[in-house]
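In UniProt numbering, the protein residues as written are 1 to 498.
In short, the hints are calculated from the structure, not lab data. Check the hints yourself; a few may be wrong.
To be verified - Using 27 Å as the maximum straight-line C-alpha spacing, the simulated DSS-like pairs for lysine-lysine come out as follows:
{"no.": "1", "residue 1": "LYS472", "residue 2": "LYS176"}
{"no.": "2", "residue 1": "LYS125", "residue 2": "LYS138"}
{"no.": "3", "residue 1": "LYS231", "residue 2": "LYS244"}
{"no.": "4", "residue 1": "LYS231", "residue 2": "LYS194"}
{"no.": "5", "residue 1": "LYS194", "residue 2": "LYS263"}
What the hints assert, rightly or not - Simulated restraints, written as ranges between beta carbons of each label pair:
{"no.": "6", "residue 1": "ASP319", "residue 2": "PRO423", "range": "23 to 29 Å"}
{"no.": "7", "residue 1": "THR410", "residue 2": "GLY269", "range": "45 to 51 Å"}
{"no.": "8", "residue 1": "LYS127", "residue 2": "SER403", "range": "37 to 43 Å"}
{"no.": "9", "residue 1": "GLU135", "residue 2": "ILE178", "range": "34 to 40 Å"}
{"no.": "10", "residue 1": "LYS176", "residue 2": "PRO201", "range": "37 to 43 Å"}
{"no.": "11", "residue 1": "SER399", "residue 2": "THR97", "range": "20 to 26 Å"}
{"no.": "12", "residue 1": "PHE347", "residue 2": "ASP482", "range": "33 to 39 Å"}
{"no.": "13", "residue 1": "THR410", "residue 2": "ASP482", "range": "48 to 54 Å"}
{"no.": "14", "residue 1": "ASN128", "residue 2": "THR234", "range": "32 to 38 Å"}
{"no.": "15", "residue 1": "LYS194", "residue 2": "PRO496", "range": "45 to 51 Å"}
{"no.": "16", "residue 1": "PRO251", "residue 2": "THR170", "range": "32 to 38 Å"}
{"no.": "17", "residue 1": "ASN283", "residue 2": "ASP345", "range": "34 to 40 Å"}
{"no.": "18", "residue 1": "GLU205", "residue 2": "PRO423", "range": "42 to 48 Å"}
{"no.": "19", "residue 1": "LYS493", "residue 2": "GLY84", "range": "25 to 31 Å"}
It should be emphasised that the depicted structure is a prediction, and the values quoted were computed from it without experimental measurement. Yeah, the Cβ is synthetic: ideal placement off N, Cα and C, and Gly gets one too.
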Amino acid sequence: MKNLVLFILSIILFSSCEDQLDIAPKSNIELGNFFATTEDFDLALTGAYDPIAVHQGDRGFGTYFKGLLMMGRAGTDEMLVNQGFWDATGKEIGNYTFTAFSRIPSAVWQMQYVGISRCNVVISKIKNTNVTMPEATKQRILGEASFLRAFYYFQLARYYGGVPIITEDTNLNEFKNIRSSLAETYERIINDLKVAEANIPVINEPGRVTKYAAKSYLAKVYLQMSGEPLKDATAASKAAAYAKDVIDNGPYDLEPNYTDVFKLDHEHGIEYIFSAEYIATNNEGGEVGTWDGPPGNWTHTITYSICRAMPELYNSYEDGDLRRDYNIVDYVVIDADGNTQPTNDGFYYAFKWRHDPNPATRGYATEWQSPFNFPLTRFADVLLIYAEAQTRADGSPNSDAYSAINRVRTRAGLGNLSGLSGPDFLQTVLDERKRELCYEGHRWADLVRYGKLIEAVRASSEGNNIAAANIKEHHVLFPVPDREIQVSGGDLKQNPGY
Numbered sequence: 001m002k003n004l005v006l007f008i009l010s011i012i013l014f015s016s017c018e019d020q021l022d023i024a025p026k027s028n029i030e031l032g033n034f035f036a037t038t039e040d041f042d043l044a045l046t047g048a049y050d051p052i053a054v055h056q057g058d059r060g061f062g063t064y065f066k067g068l069l070m071m072g073r074a075g076t077d078e079m080l081v082n083q084g085f086w087d088a089t090g091k092e093i094g095n096y097t098f099t100a101f102s103r104i105p106s107a108v109w110q111m112q113y114v115g116i117s118r119c120n121v122v123i124s125k126i127k128n129t130n131v132t133m134p135e136a137t138k139q140r141i142l143g144e145a146s147f148l149r150a151f152y153y154f155q156l157a158r159y160y161g162g163v164p165i166i167t168e169d170t171n172l173n174e175f176k177n178i179r180s181s182l183a184e185t186y187e188r189i190i191n192d193l194k195v196a197e198a199n200i201p202v203i204n205e206p207g208r209v210t211k212y213a214a215k216s217y218l219a220k221v222y223l224q225m226s227g228e229p230l231k232d233a234t235a236a237s238k239a240a241a242y243a244k245d246v247i248d249n250g251p252y253d254l255e256p257n258y259t260d261v262f263k264l265d266h267e268h269g270i271e272y273i274f275s276a277e278y279i280a281t282n283n284e285g286g287e288v289g290t291w292d293g294p295p296g297n298w299t300h301t302i303t304y305s306i307c308r309a310m311p312e313l314y315n316s317y318e319d320g321d322l323r324r325d326y327n328i329v330d331y332v333v334i335d336a337d338g339n340t341q342p343t344n345d346g347f348y349y350a351f352k353w354r355h356d357p358n359p360a361t362r363g364y365a366t367e368w369q370s371p372f373n374f375p376l377t378r379f380a381d382v383l384l385i386y387a388e389a390q391t392r393a394d395g396s397p398n399s400d401a402y403s404a405i406n407r408v409r410t411r412a413g414l415g416n417l418s419g420l421s422g423p424d425f426l427q428t429v430l431d432e433r434k435r436e437l438c439y440e441g442h443r444w445a446d447l448v449r450y451g452k453l454i455e456a457v458r459a460s461s462e463g464n465n466i467a468a469a470n471i472k473e474h475h476v477l478f479p480v481p482d483r484e485i486q487v488s489g490g491d492l493k494q495n496p497g498y
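Generate the whole structure from the sequences, applying the supplied hints.
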């Protein structure tokens, strides 16, 4: 963490193969010389987005390139990790054998603070800049950097609990690595998201955050606060209000066909709100769709089959649900035309993002060049956030809550719901989120919010008896990396149970 604090002063904001936390700090003079044009600020802002998806070196184990494709998905009742796969880092997450020394939780912690550090630099400089630029541009840069800082702190809060808060106003000479409470951490997140809401335009460049993305994340954050472990009594109504604003006034809608959501030509379409962005190059590609998928001829599938679908997920779909056979398959792609044959291995495979089976038309050759974006939130998520939040706030679903969940179900080819009690409706929303949003990184946090992570994993022994046997009460949080505790001189305290 001490190296992390030094990094706040660094001008090295962009991609590099070096360990970013070990880069020597540059002087304030160099920082001042760099932020001399509007283009400099936008370049620095690009660097602040980078820790969401960057993959060079070990850093991908802390982003949606590798590590965050596991945390949030594996070790739940929707996805398990192939025990035969050579990489132990993913199996630790799926089997609940990770420790304070494990690679993925350590890298995720590290990369969120890299992002926070970059945001702090941008926010500090844009607040005090003498560069001539339109006021709207200055507001946009401040808003985007504030959103990103909130995003990184939200990742930390969900996975680790309360964490040390570092902002552009932190006195680094007096800083101590003492964890803020979870409530204080969420207060920081909400404050930043409200700055983002006030300053970012409704329309922004593709891949950049927008005003309604900030509103969507306010709904998402307040919803998480309303459940376990914080149980903020006022948060659910605020989540419902923000989600309703996005539903009624935002520029989003459901794609008419569920399968279109995950096709390359729709990833900046009407349903996506905010995503981890990838394009098919060595430096900017991802592994979305590559860690999942059925086994078979690599030429046609480009999938490691690291993550498999749980039988419980497959069996949770109602008859006639159009999503099931797109999300979950039991076949091998055998040729460039996309023909298939049964796997006959008794396993189900996650296959939501589908590589073109024809190498001649695919446009990329390697698994780390996947151009698929990973949706961090989309309109279906917001509809289900509203349905849950309103019911949590009022005790029973109103007509708008039914309308929200039924829009999702109608697209899936299912009938409308009605007449459920509050508790039954909340359970139905949780189940609907699993079927609609599977593999998109929501399930772990959803189960924690409902207080059902331990119960759900232990009940999933048909699919993953190792996780069911290993999970303990303390696994509702990940461990603070031991390295961070050591460099803090013991000021930083570990989560219970580790």
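- Message: Need the list of violated hint numbers for this structure, in ascending order.
- Response: Violated hints: 1, 5, 7, 11, 15, 19; rest satisfied.
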